[in-house]
Amino acid sequence: MATISETTPAPSLTRQDFISDQEVRWCPGCGDYAVLAQMQKILPQVGVARENFVFVSGIGCSSRFPYYMNTYGFHSIHGRGTAVATGIKCANPNLSVWVVTGDGDGLSIGGNHMLHTLRRNVDVKVLLFNNRIYGLTKGQASPTSEHGKHTKSTPVGSIENPINPVSFAISAEATFVARTVATETKHMASVLRRAADHRGAAFVEIYQNCNIFNDGTFEDVTARDVKSDRLVVLEHGKPLVFGKNSNLAVRLHNLHMEVGPLDAPSNGSHLIVHDERASDPTLAHILGNMRWPDYPECIGVFRDVRKPTYDELLLGQIDQAQSAKGAGSLQDLIHSGDTWTIE
Amino acid sequence: MADTKEVTTPIKEVDRVTIRFAGDSGDGIQLSGSQFTLATARLGNDLSTLPDFPAEIRAPAGTLPGVSSFQISFSENPIFTPGDQPDVLVVMNPAALKVNLKDLTDGGIIVANANTFVPANFKKAGYDSNPLEDGSLKAYRVIPLPITELNARALADAPLTKKEIDRSKNFFALGVVYWLFDRPVESTVEWVQDKFKRRPEIAKANVTSLKTGYNYALTTEVFTSHYRVRKADMEPGEYRNITGTEATALGLVAAARLADKPLFYGSYPITPASDILHELAKFKQFDVRTFQAEDEIAAVCATIGASYAGAVAITGTSGPGLALKAEAIGLAVMTELPIVIINVQRAGPSTGMPTKTEQGDLAMAFNGRHGESPVAILAASSPSDCFTMAMEAVRIAVQHMTPLILLTDGYLVNGAEPWRLPDVEELSRIRITQDADPETFQPYGRDPETLARPWVTPGHPGLEHRIGGLEKAEGSGVVSHDPLNHERMVGLRAEKIARIAHDIPELEVEGERSGDILVLGWGSTYGAIISACRQMRTEGVRVSNAQLRYLNPFPRNLGNILSRFKLVLVPELNLGQLRDILAARYPGNRYMGLNKVQGQPFKIGEIRAKLEEILETGVMV
Ligand code: SF4
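Here the protein sequences come in this chain order: P and S.
Under this note's numbering, the first sequence is numbered contiguously, ending at residue 343.
Under this note's numbering, the second sequence is numbered contiguously, ending at residue 621.
Same shape as in the complex, but just chain P (with noise of 0.2 angstroms):
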């Protein structure tokens, strides 16, 4: 068998080699097909040697996503994909390894695992795809799902409210945590290449239509006539300016934002301009908080900072133990402690 590739320098690469010979099984029509093809499509221009990815899921129709990709992938089980992924990323730090979740998967089965994936800074790639409702087992509520909202479980309506993604993976102290739409292609890939390119846990939610169970959910904001007044485009080191007419700005007022014409006067409060890199999350919060119809809602990069990943910090203390210790002999250690000989 041929040996790891750390040292295989990426071949150059095309779209068709990220297609696995399976049939892709998603309804006609659903979000999930865009994604597959933009990530196809990224791949091969991360510098990474196809046998080095692997794609890891839970369970539900995203998580059907690792066989539709020619790389390594594990279909896992319900909620536990990050749980994987943190093994396989400490079992082999060389891989870039990428979890493909959804609202229900990822926030209620595998909430407690995303909390802390994301916290320990594991260099994952997290792909969250939001469609607010449980598509593969035909309807329920999921936690994404507005209150109020009627589906198969809460017939009547749901008397729950709903986890914000983006919100969550900034509070659990995601180093990179993006919003982006599966109808916005463009954009995806950028948003994409980004998380590929990040060291430590980046979360990408997305918002993907089920136009089976859920059809039009994000039509509100995604939809083509009103999108650009109410779909503000985060962009690093830019004004948060948006509109038909790059006529309209979210401004910071004390704690909270305000949304008016650009030109309005400031009135107390004032015209941000975007840093992901912040160390502090507190805007990139506020800015994930902000929900239509109050809102305009944000997309793109909240937060990109780097920090030390949970792999490099284990592997550092091996390294540490190894240096100082030299690597360990086993006679030496069974030998050890107190011991003493019959003759």
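In short, the hints are calculated from the structure, not lab data.
Hints should not be assumed to be uniformly reliable.
Below, simulated DSS-like cross-link-like pairs (lysine-lysine); rule was C-alpha separation at most 25 angstroms, straight line [stated by the list, open to error]: (1) S/K197 x P/K325; (2) S/K610 x S/K102; (3) P/K325 x S/K195; (4) P/K325 x P/K238.
Ranges of calculated distance between the beta carbons of each label pair, as one might list FRET restraints [unchecked claim]: (5) P/S329 x S/R198: 25 to 33 angstroms; (6) P/T154 x S/P65: 45 to 53 angstroms; (7) P/V24 x S/L484: 24 to 32 angstroms.
As the structure is a computational prediction, the values presented were derived from the model and not from experiment.
By construction, the Cβ of each residue, glycine as well, lies at the ideal position given by its N, Cα and C atoms.
Please arrange chain S with the ligand on chain P, whose structure you already have, making use of the hints.
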């Protein structure tokens, strides 16, 4: 103390002694115990030890729940258990007496710190009057010593606080016991001097306490005689005393080394398994990667991920944690990845009695997953056997590409015994065949002999493939819902486990190869069973014994052995889980259970009593 014989000096020779040290958690009981153990080991006695910790971390001083103890049994003959009943009880307070007295042999010796037997204390322990003075201990030989006071007097000039002086009183007590059993103090003196290198005044005080205690016993004639246990006839070699926890950790480190892979250990804190994590976390220079997970499920899932990516991957837990891991173990069965799940069994169900031992999880190890989901199962039989079985667990898991459950228990992991150190050169390498040719690679292709699939890890060009929890097509490993394929795969997974039988040793029977009674145990009951059966055989009773350490699959000669005895007695610390499996698997034999669920290991006497009952009632006829 059996077989007492007078010699000319006031020293009596005895063949076996069991001592229990007991006191408050703060009394240094475990330290006294481990020092006495070391001194005893150096003298060449065979020995076995068992600590008992209170369930509460810091129960109030002087109360019954706060009592901690340490028992050591040592002998000139081979011994396998820490002793049924102590011959000597060393108690540092009334609560310790109250908790432990019921176990002391009739006529046993009680060494008590008399200074602690004041009304406030003995009332806290539930005594109305001072038991050292009210005649209630007539059946024993009571030696009340004002240990606190004598110790303080010996250290009157030491530059220490009253509290520090008081803390060294356990060394005084230890000195007394050293004299009583004719142990040299040197090993402890050396230990103290090394341990308190940076606090020479404390080292000096402890040594003074130890020697003063020894000399006090020597000169004051508080004891009418003292005792000597001769050297045991042990196999030559280098030894160390080892607990089951330490042996487990060393076995795992050794196995990963022998397989030439990093060791990954994913675990969530749970009593009594956490100590394995603590132990392994010390061995970073051996490329041991420990992961304290957010929960039991994450621990096993990360372990599966680590195995997939090529580490020797282990998760450790105790009963409740095994229940939580069940679904993920099923994933490891389906993906046919090698992981070892160590279950340090404790008394259940639910939270049960976390610090107490039991063998209640055998049925769960066999059946505790949904679907047809076989795993290999091993059980260690003694503290040092944990080393061997941990290595075996890794070897079998990686060579047969299967999850494997290794069962130990609270009694094994905390107990300790001398371990003859293996020569690393003689440990055999763990071969892993990973050959795969991109042209012909089949993720679910199988080794024709073992049926193991290839362990191909990410990072190998041309071998990219997908695995997961969905049923796999035979060979290609692509997702398949084909009915007949599923039936074939279920059969193959079962057959793969069954074939491990060709790769494990046959079961050995001690005593006659066939006859009336076979006592068949599994795991940690080994010590009590072998001791009872050996004793009875020397008394002329025809009884044989055997101990299962390989439980799934069973050793290939098990059926044959069972059929050669009229009765198979199966002692277990549960209600008969192994017995039920045997009765189903090997019908036609006569099985009888000996079952105990008290959170305590078997006593030798309990096995003997059952055998005697069988012989007397003539069940055999
Ligand atoms: S059910 Fe919804 S999410 Fe699932 S594949 Fe169909 S459209 Fe996509």
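Checked hints:
no., hint, verdict
1, S/K197 x P/K325, "holds, 22 angstroms"
2, S/K610 x S/K102, "holds, 21 angstroms"
3, P/K325 x S/K195, "holds, 21 angstroms"
4, P/K325 x P/K238, "violated, 50 angstroms"
5, P/S329 x S/R198: 25 to 33 angstroms, "holds, 28 angstroms"
6, P/T154 x S/P65: 45 to 53 angstroms, "holds, 49 angstroms"
7, P/V24 x S/L484: 24 to 32 angstroms, "holds, 26 angstroms"
Hint 4 alone, counting from the list given before, is not met by this structure.
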